[in-house]
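Residue numbers (the working numbering), protein chains in the order written: chain A, 1 to 94; chain B, 1 to 478.
Among the hints, erroneous ones may be present.
[What the hints assert, rightly or not] Label-pair distances were calculated between CB atoms; the ranges are:
(1) Gln79/A - Gly160/B: 10 to 20 Å
(2) Met57/A - Arg270/B: 54 to 64 Å
(3) Lys78/A - Pro291/B: 19 to 29 Å
Don't read these hints as lab results, they were simulated from the structure. Just so you know, even glycine gets a beta-carbon here, dropped at the ideal spot from N, CA and C.
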Amino acid sequence: MNQNSVLLDPTAETSPAARALLARPASMIGKTVGLLDISKPRGDVFLDRIDERLQAMGVSVKRYTKPTFTRVAPTALKQQIAAEVDLVVEGLAD
Amino acid sequence: MTALPDNVLIVVAKRDCPTCELVEPLLQTLADSGPVQIYSQDDPGFAAGVPGATHDASLEVSFHLNIEFVPTLIRRANGQEVERTYGWHREDWQRISGVPGLGEELPAMRPGCGSKTLEPGIAEDLELRFGSTRLSARQITTGDAEDPMEACFERGWSDGLPVVPPTPERVLRMLRGTDRRPDEELGLIPPDLSPCTLEKVAINAVMAGCKPEYMPVVLASLDAALTEEFGLHGILCTTMFAGPMIIVNGPVARAIGMNSGANALGQGNRANATIGRALQLIVRNVGGGRPGEIDRATLGTPGKYTFCFAEAEDSDWLPLAQERGIREGASAVTLFAGEGVQGIVDQKSRDPESLARSFALSLRAVDHYKMGMAGDAVLVVSPEHSRVFIEAGWPKARLLQELETLLQFPGAEMVAGAGGIAEGVPASFADKTVPKFRPGGLLIVRAGGTAGLFSAVIAGWAASGPVGSIPVTKEVMV
Numbered sequence: 001m002n003q004n005s006v007l008l009d010p011t012a013e014t015s016p017a018a019r020a021l022l023a024r025p026a027s028m029i030g031k032t033v034g035l036l037d038i039s040k041p042r043g044d045v046f047l048d049r050i051d052e053r054l055q056a057m058g059v060s061v062k063r064y065t066k067p068t069f070t071r072v073a074p075t076a077l078k079q080q081i082a083a084e085v086d087l088v089v090e091g092l093a094d
Numbered sequence: 001m002t003a004l005p006d007n008v009l010i011v012v013a014k015r016d017c018p019t020c021e022l023v024e025p026l027l028q029t030l031a032d033s034g035p036v037q038i039y040s041q042d043d044p045g046f047a048a049g050v051p052g053a054t055h056d057a058s059l060e061v062s063f064h065l066n067i068e069f070v071p072t073l074i075r076r077a078n079g080q081e082v083e084r085t086y087g088w089h090r091e092d093w094q095r096i097s098g099v100p101g102l103g104e105e106l107p108a109m110r111p112g113c114g115s116k117t118l119e120p121g122i123a124e125d126l127e128l129r130f131g132s133t134r135l136s137a138r139q140i141t142t143g144d145a146e147d148p149m150e151a152c153f154e155r156g157w158s159d160g161l162p163v164v165p166p167t168p169e170r171v172l173r174m175l176r177g178t179d180r181r182p183d184e185e186l187g188l189i190p191p192d193l194s195p196c197t198l199e200k201v202a203i204n205a206v207m208a209g210c211k212p213e214y215m216p217v218v219l220a221s222l223d224a225a226l227t228e229e230f231g232l233h234g235i236l237c238t239t240m241f242a243g244p245m246i247i248v249n250g251p252v253a254r255a256i257g258m259n260s261g262a263n264a265l266g267q268g269n270r271a272n273a274t275i276g277r278a279l280q281l282i283v284r285n286v287g288g289g290r291p292g293e294i295d296r297a298t299l300g301t302p303g304k305y306t307f308c309f310a311e312a313e314d315s316d317w318l319p320l321a322q323e324r325g326i327r328e329g330a331s332a333v334t335l336f337a338g339e340g341v342q343g344i345v346d347q348k349s350r351d352p353e354s355l356a357r358s359f360a361l362s363l364r365a366v367d368h369y370k371m372g373m374a375g376d377a378v379l380v381v382s383p384e385h386s387r388v389f390i391e392a393g394w395p396k397a398r399l400l401q402e403l404e405t406l407l408q409f410p411g412a413e414m415v416a417g418a419g420g421i422a423e424g425v426p427a428s429f430a431d432k433t434v435p436k437f438r439p440g441g442l443l444i445v446r447a448g449g450t451a452g453l454f455s456a457v458i459a460g461w462a463a464s465g466p467v468g469s470i471p472v473t474k475e476v477m478v
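Make a model of the complete structure from these sequences and hints.
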């Protein structure tokens with residue numbers, strides 16, 4: 001147990017203690033979706049199918065690949081994805 | 001709370017203390033003569049085999065008995081403490097225990113050691129677990145793998161620089177900096193008008209990096225900032241530059257090691273840096289005043305991280321706080337809606353008239369050369385510059401008076417359109433004289449290093465005065 005693991009809230013406590021997930025977009029129209037292949041076998045099969053279905057919906061898609069699934073994405077790749085797309089889908093397992 | 005043993009002799013000791021080891025062989029004798037409770041603060045084997053020997057592993061009993069030294073010998077009867085002694089004093093031990101001849105072979109007196117309950121870090125932990133201080137802020141549990149510093153950033157609690165994670169122990173230590181109660185309500189913090197307890201101030205002071213001894217200054221600053229005249233709401237939400245600036249006067253500045261000398265307006269002094277920052281973190285976290293949201297500053301100013309310094313008080317110039325009604329010898333803070341620092345370089349003026357004209361010329365630039373009675377200003381006069389006035393027999397009030405005279409301009413120069421510049425005061429001032437500052441809108445303080453013929457203008461919010469913000473001085477209650 002980390003000794004700093006309990007902190008006292010410095011705020012007026014008007015928002016929930018647990019941070020909420022970002023709201024889901026109301027619509028995909030006009031959005032750009034990034035598909036991130038983490039370089040695990042057959043991840044591309046899953047993402048290719050997602051790509052097809054998104055394109056059929058008229059959503060623009062950009063593809064990215066992590067060098068290896070064993071490490072977190074390089075900073076430059078994370079910054080590039082954050083700058084270029086509104087949403088990201090990644091396939092986590094083979 | 002665990003009930004304290006009653007109608008009994010109590011001994012509190014620790015193995016780590018040579019005096020406790022000295023008395024250890026006597027404890028069996030005490031046990032033979034009546035009921036005894038022996039609490040060891042460290043070694044569970046202390047006084048092993050003696051009836052009533054207990055390991056006070058959590059230190060709860062030691063805490064409730066307010067043990068400051070070991071060994072401590074206490075007699076309790078009928079729910080009350082009858083008598084206690086610290087260390088080894090043979091006569092006291094014999095009298096309290098009622099065992100004549102106890103420890104005759106030992107020296108008459110040996111001082112004890114400090115109780116484990118008072119060791120740094122332990123005292124706060126015990127107070128939180130067993131004490132009467134009640135912290136009521138919501139507890140946020142961070143993930144096991146989460147760095148607490150990063151957790152503070154991610155929750156939006158930071159001004160952009162790292163904050164000290166506000167653990168309950170740190171907050172408790174911060175609260176020791178004041179006698180006031182943690183649940184005391186200090187007012188409503190704009191823009192959300194959220195109630196602010198003293199505990200919330202302590203939490204934000206921890207995050208800002210304050211020492212507990214800074215608390216009285218932080219509390220006085222908040223008190224001043226929350227007055228109607230200071231107008232904190234407007235300051236924090238304006239598109240203009242200002243933020244709350246704190247000028248500290250009086251003995252508290254020296255007591256807590258504030259900088260009024262070299263680089264007084266710059267970095268490097270913990271008290272200067274963290275007191276101003278604590279106020280801004282309270283605005284951000286309790287009040288919800290965040291840049292880009294309610295804080296609509298177009299450019300802002302670095303002083304919005306923190307802006308706090310002390311006056312370099314001099315017996316020949318009345319300190320700012322005393323000019324503003326605080327009695328001599330008291331400490332005070334003056335809150336000012338400050339923008340940035342504009343230097344005045346004048347290395348040639350050797351008489352007060354020349355230097356006053358030099359200052360007036362630079363002061364004219366506040367907000368805009370063609371604006372009058374808009375923003376207040378603080379003129380920070382360095383020791384080398386102040387010497388020019390002091391040696392000529394000019395008190396601060398004389399300099400202020402001369403500046404007010406010099407800072408009167410023909411309306412024709414100031415009106416909108418004059419000089420080919422659309423900005424300016426309304427055309428109705430064309431045939432009038434326009435003062436640069438509203439009455440009371442120019443403050444003078446002395447600060448800075450002893451070398452350098454440089455002073456500074458700190459411009460105020462262009463909405464100074466009753467329409468926006470008036471400087472406010474409050475006494476620091478130490």
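Hint check results:
1. Gln79/A - Gly160/B: 10 to 20 Å: holds, 19 Å
2. Met57/A - Arg270/B: 54 to 64 Å: holds, 57 Å
3. Lys78/A - Pro291/B: 19 to 29 Å: With Cβ atoms ~24 Å apart, the hint holds.
Of the hints listed earlier, there is not a single one the structure fails to meet.
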